[in-house]
Structure formats: structure tokens, C-alpha cells
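> Next come the chains, spelled out residue by residue.
Protein chains: 4
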Amino acid sequence: MNFRTDLALERRDLYKKANDIANEVDGLETQEEKIGEDIQITRVKVLNENGEQAIGKKKGNYITIDVKNLKIAGEEEIQRASEAVTKELKTLLAQLIGEKDDILVVGLGNLYVTPDALGPKVIQDIDITRHIINYMPEVLDQDTRPVSAVSPGVLGTTGIETLEILKGIVDNIHPKLLIVIDALASRSIERISSTVQIADTGIVPGAGVGNQRKELTIDTLGVPVIAIGVPTVVEAATIAADSLDLFIQKLQQDAHSNDFLNQLQEEDKYQMIKEVLVPEEYNFIVTPKEIDDLIENMSSVVARGINYATQK
Amino acid sequence: MNFRTDLALERRDLYKKANDIANEVDGLETQEEKIGEDIQITRVKVLNENGEQAIGKKKGNYITIDVKNLKIAGEEEIQRASEAVTKELKTLLAQLIGEKDDILVVGLGNLYVTPDALGPKVIQDIDITRHIINYMPEVLDQDTRPVSAVSPGVLGTTGIETLEILKGIVDNIHPKLLIVIDALASRSIERISSTVQIADTGIVPGAGVGNQRKELTIDTLGVPVIAIGVPTVVEAATIAADSLDLFIQKLQQDAHSNDFLNQLQEEDKYQMIKEVLVPEEYNFIVTPKEIDDLIENMSSVVARGINYATQK
Amino acid sequence: MNFRTDLALERRDLYKKANDIANEVDGLETQEEKIGEDIQITRVKVLNENGEQAIGKKKGNYITIDVKNLKIAGEEEIQRASEAVTKELKTLLAQLIGEKDDILVVGLGNLYVTPDALGPKVIQDIDITRHIINYMPEVLDQDTRPVSAVSPGVLGTTGIETLEILKGIVDNIHPKLLIVIDALASRSIERISSTVQIADTGIVPGAGVGNQRKELTIDTLGVPVIAIGVPTVVEAATIAADSLDLFIQKLQQDAHSNDFLNQLQEEDKYQMIKEVLVPEEYNFIVTPKEIDDLIENMSSVVARGINYATQK
Amino acid sequence: MNFRTDLALERRDLYKKANDIANEVDGLETQEEKIGEDIQITRVKVLNENGEQAIGKKKGNYITIDVKNLKIAGEEEIQRASEAVTKELKTLLAQLIGEKDDILVVGLGNLYVTPDALGPKVIQDIDITRHIINYMPEVLDQDTRPVSAVSPGVLGTTGIETLEILKGIVDNIHPKLLIVIDALASRSIERISSTVQIADTGIVPGAGVGNQRKELTIDTLGVPVIAIGVPTVVEAATIAADSLDLFIQKLQQDAHSNDFLNQLQEEDKYQMIKEVLVPEEYNFIVTPKEIDDLIENMSSVVARGINYATQK
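Protein chains in written order, with this note's numbering: chain A, 1 to 312; chain B, 1 to 312; chain C, 1 to 312; chain D, 1 to 312.
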């Protein structure tokens, strides 16, 4: 099954729809929580191989935080959203490492491509302590956790696989855990830069845009990897398929129903549309025109979320 | 007729299709020219009221320069495209003002919103001479034309209508002509930041994104206004409608033809899709994910085009 | 007397020293206030022609706010400093215009030259209300004051005198008062980006760097002009002269005293050093290497100070 | 001897002056070349331990390229200067590695601190080939050299020593040589961003600003390191000391000569002035106010210089 999304939550919903499952998928466990008006948290747990096969995601935790109207969010909404990130992140950290264990934060992406700049922008705002603990420990609380941070760049501008760069750094400075931030492709334009997914199973950079790189996981790096992913782009074919769904619904409501439409309604239009668009070089990857503000607000949410979670 | 495009060329094509016109529209005159492999020039002239009513554009010249693959253009392609802009601009200038007459170049848009930053970015690269002629004339050739340039900002960040700002400046410094650069909405995602339209009839800022401001024309400013427009964004509904067109064609070719599809084929899907998307808050305005590079290259094309055209 | 500073406070001190005045200069009135550890406010009032002639500043109020350690200031210090700006600005505004009278905020300077970018950066953060009052008054409190803002650019990049641009805008939109923000040259490197001067007498852009433009005052613009100036650069000759003063003091303490040094001590070394440096093309204008952070923090201080002062 | 400069050329001159050496220093060899009006090349070779002890620099080649008026340089001057860099770099590369050997280019510094942004800015413009050779070799000439590039950030923003990051990367991707770009402190404000030093002996980051980090050399990294250094900042004490030198000269010419001045003339004022300025917290590190343009032009010079040198 081609899910075209990195969000476990969206994959679960697609799997349920495709297989006509009313309740929970076997091998998954899902919890929902609402915080105030604007924040919705969904925690999907992949329990075993059944769950892994259903949604194509490794055993582990996938937490989605949806924030409404982030584009026009003020200081208060950003703070509330970052607190939600902190809370979820703290729970995962407590399960994986000790309170003073060394963390390396990694911002994937390209600072000069606006929809791909989230990772490097978050890194600018991370509170770094590792060098102070090494060189001037007296200015910090005794129980400060060492935190360091890098923006390794992207293959296209460095010529080096991200894994090669990170493997080298991890082998030299021996952090106990990595937090890796990346911009994702989403299946839904509404989620663009208004959703954060936190997963304790690592990340495959570029997967969402069909430009897959080597995975960054405990298997390749030797330490646990928490991935923080934020959708920032969407394919034209996705927009068209979603629009077509809404359009057919409307036609049917307006009594234009016919066998052909009914049959079309059942199918996944994405693949069909993609086959039409690709030869015309029309399957652009797009981002909302407000992407600068969205990235700005979302990097505040993620950076603060990490800063509060890594220190007490 | 709702054309959803500021490009006279696209309007003419839509009008011809809607009215089943094989040759030229009455009241228009069109010329095409190809320069090398990658550049296509189309000159649409609105001759009289017939033409004005057909495509909803004032009497005057509308020149479209399409540049293929601008996203990955190198120095040479950018130079060639800028030479095409220079040539067209020179012809218009020669018809409107004298060789040494004062020109004010205006970059509309918001520097901090990537797809809207074209105007201010072009202004950075304009060769300014007005102040040198005033204060140190001896360092310039005697026949240098006075050129000045401003980026007035946008209503949302200044609180002032662009017309109010420009009217004030024009009344104070008395240029003989304005060249106004603006980012447009396009009907076609392929044209995004790969097309320049030059018109000698002025501009209505924001028209393409349904956020219409007061017009900048000889009527409101008292001097001729040449508008240089570059499409940088497109509506989700446009993408969906275009994709649906391609999709239905494909279905019909695959012998899925039926009366309903045939009928659908005839209609303009844009309006129908927009009606579906708007209530769902799904009619996003989007831009390609490579918009940073596109804007960079296109502002080089436009700035050089203007610099060579305004000086000999 | 060549004061080489735009700060009325520094001019007063220089005048007192040069004329051996122990108490207050005739025609001036000075008040000092300390807020917490880090903020010092000095209010110099030029009362009459005597005062005008003494320090070469027009009759009016000149308020200097010195903020210690702004380079490494955190959120709290920035907030405290901005509150000091708000309080002084509110007092001046209440003397000049009514509570709902229209204000235009003007950010002088060049966004692309770091030490000259303060004005345009402040403008980005000003809360604009004028267009909302015009187009959607229902979303604002009834007693919201109309505020608009522009960054007119600098002569070198526009080719137009700032006064010509502002005169045009003022004549078209009729604000009741202007607040003009500019980066200044300082006499003292310690004051760089850690001092704000607020004056109710307008401004002469570029005066501090010997690149004087037409004045922006009630005389030229027809409405009162409050100037907010922040020192961001200093001449090499100033650094050398100040260092030489300290150096000679040290020599004298170390018993190297001799008639020549004693005599040198009395004189103003700046002019002598400048005469030496200029022919060598050595009189650079410099800025601290941390200027990016200094400008960042200072524009937060000024923008917030204005935002709280213009609205209730 | 405290040279306060990373430029071998300046150290040689200081050593000669301090030791009253008329010709060449024992253990050094120096060559000069002038290219056109604006470019001066000086090649200092440290031949043996005598030379090493004299100027405190390792055995090897130190090439200084001085470019006049880089601040206002046009396209032509930048091209000429970059060709000088290419020529010198090519000679060093040919002595150290084979024509197709893998090179890693490293841009030290902090992108967000203008005078420290040179390294990261150069990296943006380096032609990267390593990944293309790995993934799409068919699009390149067969004899293309693999080039990769990273901007590792600075200790203050990553929490990690640059050496730790680079050691990890070098051990993983095994380049045959590193080219490391860094901004330096200069002894002379005239050299700021108008001088390039190329050395085949590696680099000690931060040495010039008294903030010394672990050295990046063949000893620590296992492969040869070519350092490209560009002065971008200068201490206030340096400006003061140089100004004082000029000032005393002037006083002596004007017949103010006396024993004290004569004696002062002989001494190195820098150390004395520094002792005066430091306790007053007055020994700022400064940069010219035009630093943005200087960095822009110098990074074009260096990036082009490297691009032409690494490929045929």
C-alpha cells in the first residue's frame, strides 16, 4: 500500500478505510487527547509485527500534535503548542535515557529553501550546554544536561549522505540519544506546518518526497533516535485527488450520481491522477504561499518544546 | 468571464476556446517569436473596445516572455532571458518617453514572503542614477538617464495603500514614467516564475489573488505606467481543475467515455471545484517548493532587463 | 564646536568640559533617573537660544536611555528597556497630539547594511492599524489609534532624498505626527547599540557620519517629528582619540609626566588624529563585531517601546 | 613575540622591524608579484626551524593575496582576484594530491554574525560533485574530482569542537585533503576583507581573536589541510596603536620632537594600549561598517577561486 505520508496517524486512517475496519487495527493502539480549542494530540502505538505490516512503520510510538490556525498564531498559541511538544517529548526521553544523559539535536534540511528550512531554523534556537559544561561548568546548575546541536546540510549542497556526517559525529562525541528534526511531505495540505509528529523510531530523510536517503535509526547510529517531523509540502497530485474526492461527493449529492461516479468514488484517485500528471511534468511539489510565517511559528514551537524537555 | 489570470495571452486563449474561435479574436492582434530553444515571446495587442471587452484588458500592448527551465537556469540562460526583456522594454519606452526622461522603478510586494518578494528583490539590483546626476554629475556620461527606485511595501505591513504612497512620491519628484514590478497569480503552475508579462497599461496590484487594490495607471498617477508581472502563485482549485481536465481526457482515451464525462469535459471545472473547496477552507494558494531559486533567477532576469533598457 | 555626536547628553558634557562649567549650562535643564541596575535615563531640555547655541541643538527635549549589556540581554532586560522607551515616548506624544491622532512611523536606513538596518527592522515589528481602521474597523477597539509605517530606503539605493519621499506621503495621508527611527554615529564605542535618544525636535539623517541629508522636522514636513536615534557606528579617529586619552592618563600616573604630555592632555586629540588618518585613508567607520545581535535586541526594544506607547 | 596577526607576511615584517633586519629573515624565503593595478601577491616560505621560531608559523607555504578597493569591486575585479586564488591553490594542490583525489571544503564560522559569515557563505557557492559521482556519474566528465563541503558551525552554537565534528566526517568519508576557510583577525584595518592568505599548513580556528580552538592540521586530521584565511575584524587597541604611530610621526615632523616621543616611537604601543583599554572594557573587536558588502565580494572571490582550482 502506497500511503504517501509519513504520519502514522494518516496511514492508520487510510488502512482502516481501505480495509473497512470500524474499530482499531490489529497491532495498533490509539489514544486521543484535546488541549483547549486548538490542539489535538493523537498517540498511535505500533505494538507488534501485525501493526508494522499494516501501516509500514516500525514498532514504537508515533505522536501527532495538530495545531489549528498556526499561520496566524500569536505568542500564547505558540507557547501552548510548545508545551504539548515538551510533555510528549519528556515522556519518551524518560523511557530511553537518564536525566543527565547527553543529547545531540540534529536539524535536517536546507536553510536556503524556505519549506525545507525548518530543521536549521530550530537549531538556531536550541539552548546549547555541552561546551559550557566542558569549559565553564561553574556557571550552570550541577544537574544541567549536556545538549549539542548540528545542521548537517543536505546531500545536494554537501555531497555527503547525512548518515555519513552524523555517524562520524556520534562516534566522536558519544551522545546517548539523538533528536532529529525534519520537514516532511504530507498527504493533506491542511496539515502543512500545523502538525508535529514525534516518533521514537528514527527517521528516513526525504522519504516523503520520493527522494529517500539512508535511515537515521538506532540500527545505523547505535543510539536511540527521536524524530520530530513537520509536514511542509504536498504533491499537486494529492491536491487534485483530494479535490476530486470532494468534487465527486458534491456531484453525487446534486443527484448527478451514476454507476461510473459510484465506482470512481471507491477507488484511490491519487495513483490514477499521478499517472496522468507525471508525463506532463505537472506533478509539482507545492507549499502554501504563507510558508515563511508557518516555518517561523513552527520552529518556535519545536525549539521551545525541545528546550523545555531537555532541561528540567 | 472569470479568467483567473492576469496574463493577456492566457485570457485570449481562454476566450478563443470558450467562443470556439479558430483564428484571431476581433479587436486583438497577436505575434509570436521564438528565441533559441528556451524562450518564447508572444505579443498581444488590444486594438479597440472589442478587444477590451473580449479579454477584460485595456487597449495597449501585452508582451509575454516564457522561459523554459528557469529553475535550473545558469548564467547564460538568465542573460538571454534578460536580453529579451530589454528588447521589448526598449520598444515600449521609445514609444512613451524621450531618451533622457526620468524613470521611477517600483518594486511591489513583501520582502519577507518568499513568493511575494520579487519586486523588492529586483529593486536591490536596479542601477540608480538620479542622485548621482543631482550631486555628482561629473562621474557619469552626459546622456545618462535619471533612474530612481522604491519598494513601497504592502498595505498589510504599512497600513497605507500603494497608490497613496506612489502618488505622493510622483507628485514630489516628477518622473516621466513608472516601471512597476509585481508578483502575479497564474492560471497555470507551469508558468510560475518562468514567465514575464510586460504591459504598457499599468497594473492593479493583488488582482490575481482576489485582494484587489487601487490601480496604478496613467489615470491615477498622471504618467505612463509600464507593468512587469511575474506569476509566482496558483490556487489549489486551479491545480485541481487542470488535473481533472487531464484526468478526464485520460479516462476517455481509456474507453471509459460516457455521456456524463463528455458533458463534464465541456464545462469549466474551476468554478465548480472552487465552490467545493472554499467551504472546506481547502482553496489554498500555493507556490512550488523551489520558489526561493525561482525568485532569485527571475529577479536577475528582470533587473538586468530593466538596467540595459533604461540606459543605452 | 565640532561635537561629533548626535546625542545631546554627550554634547552637554563636552561643552561643560571645554568651558569648565561645574553645574548646569545656561539654557539647559537636566534630569537623571536610574531604573534598576541596568537602565539610566537622562533628560536634557534645551530651554532657549542660549542652550541652542551651547550644544547646537534646537529647543526641545532630548531623552537618553542607556541600557547596560544589551548585547547579551535576555527577554526580561529587553522588556524593561522597552518599557522605559514607552514611558518617555508617551509623555512626549501627550504633549504633541491627541490620543486617537494618526501616527506614521518611519524606519530610516538600509536593510542590507547591518549597522544601518535598525530602522527597517523596527518597522517589521510595528503594530499597524491604519488599514484595519479603514477596511475592517469592527475587529478593533473603537479608540484604536491609526498607525502606519514605511521604510523609505536610503538615497544611495533609491536615488531620492528621504525628505522628498516622506513629504509626498505626509501630504497624501496626513498623519498628525511622525516617529522617525535612525542609526547614528556615536562619540563613544561603549554606547553602540546600547543607547536610545528620543527627541521631539526631528532629525537630520546621516549627520553623524558626515553625510548630511535634508532635515526631517516640523519645518520641512509640517507636522511634529519625534526622532528615535540609536548609535551603531563610530569613527576610527574617535577610538584612537579616546584610547590616547586613556593612554596619556596612564603615562602620567606612571610618572612619565612631562610638559609635552601635560599639554597634549588638555587638547582635543580627535581633530589632530583625524587630520593624520584621513590622508592615509585610515579613518574607517567601524562597528562592533557583535553588531547583528545588538541590532536584533535594540530593534525589539524600540519596536515594543513604540507599540505600547502608540496604543493604550 | 606577540604578533597579533595570523598573516605570515605581517609577522615577517614585524620580526624584521623588531630585529632590525634589512634583508630576508634566516629560515624564510619571500617572493613578490604584482598583477595589474590592484592585486599584490606575496609568497612567504618557512624553510626550517629558524623560520618557524622567527615568526611562530609551521614549515610550509603562506601566500598572501592583497586586493585593493574590494569594497567597491565590480564583476571584473572579483574575477581577476579569484583567478589569482585559483592559480596559487592549484600549485599547492598539485604538490599535495593527485588530480582526481577527493577534496572536502570546510567553511568555518557563524552565518548569523556578519564578520564571521565568510566560511558558510563560501560553502553555498562551492560546486559539489561527490554525490553526483556516486549516484549519477554519467552526467559528469570522467575525470571530475569528487568535491564535498560542510559548514560545521561554531562551538558557541553547536556545543561541539570543530575538530570533533571534522574528525568524525573525515574518518567516515576519507577525503584526501581539506580546504578550510576562516575569517581572521587582522593587525591592520586596511586589510579587512581585502586580503586572502592561503597556507598549506592548516589552521587554528579563533586564534586571531584570542579564542583559540583545537588546531585543524594533518597531525589532528590525518590528511593535508589547506587554510584560506581572510581578515574581517580588528581590535580597538590595534586601531589605537596604529593611529598613535601615525600621530607621533606627525608630531615629530611638526618639530614637536622630544626625547619622550622619540623613545615612544621605538616601542610597540599595542601592548601598552591594550593594558589601558582592557580594564576599561574598551578593547572592542570591530569591523568596518561596510562589512556586508566586503564579505559578499570576498566570498565570491574565494568560492570561484576554489571552484576553478578543484576542477580542470
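Because the hints were derived from the structure by calculation, they are not lab data.
There may be inaccurate statements among the hints.
Copies of the same chain look alike in the list, so a pair counts if it works inside one copy or between any two.
To be verified - No farther apart than 27 Å at their CA atoms in a straight line, the calculated lysine-lysine pairs in the BS3-like style are these:
1. K68 / K274
2. K71 / K100
3. K45 / K34
4. K100 / K17
5. K274 / K250
6. K17 / K71
> Starting from the hint list further up, note which numbers the structure goes against and sort them upward.
The structure conflicts with hints 2, 4 and 6, although it agrees with all the remaining ones.
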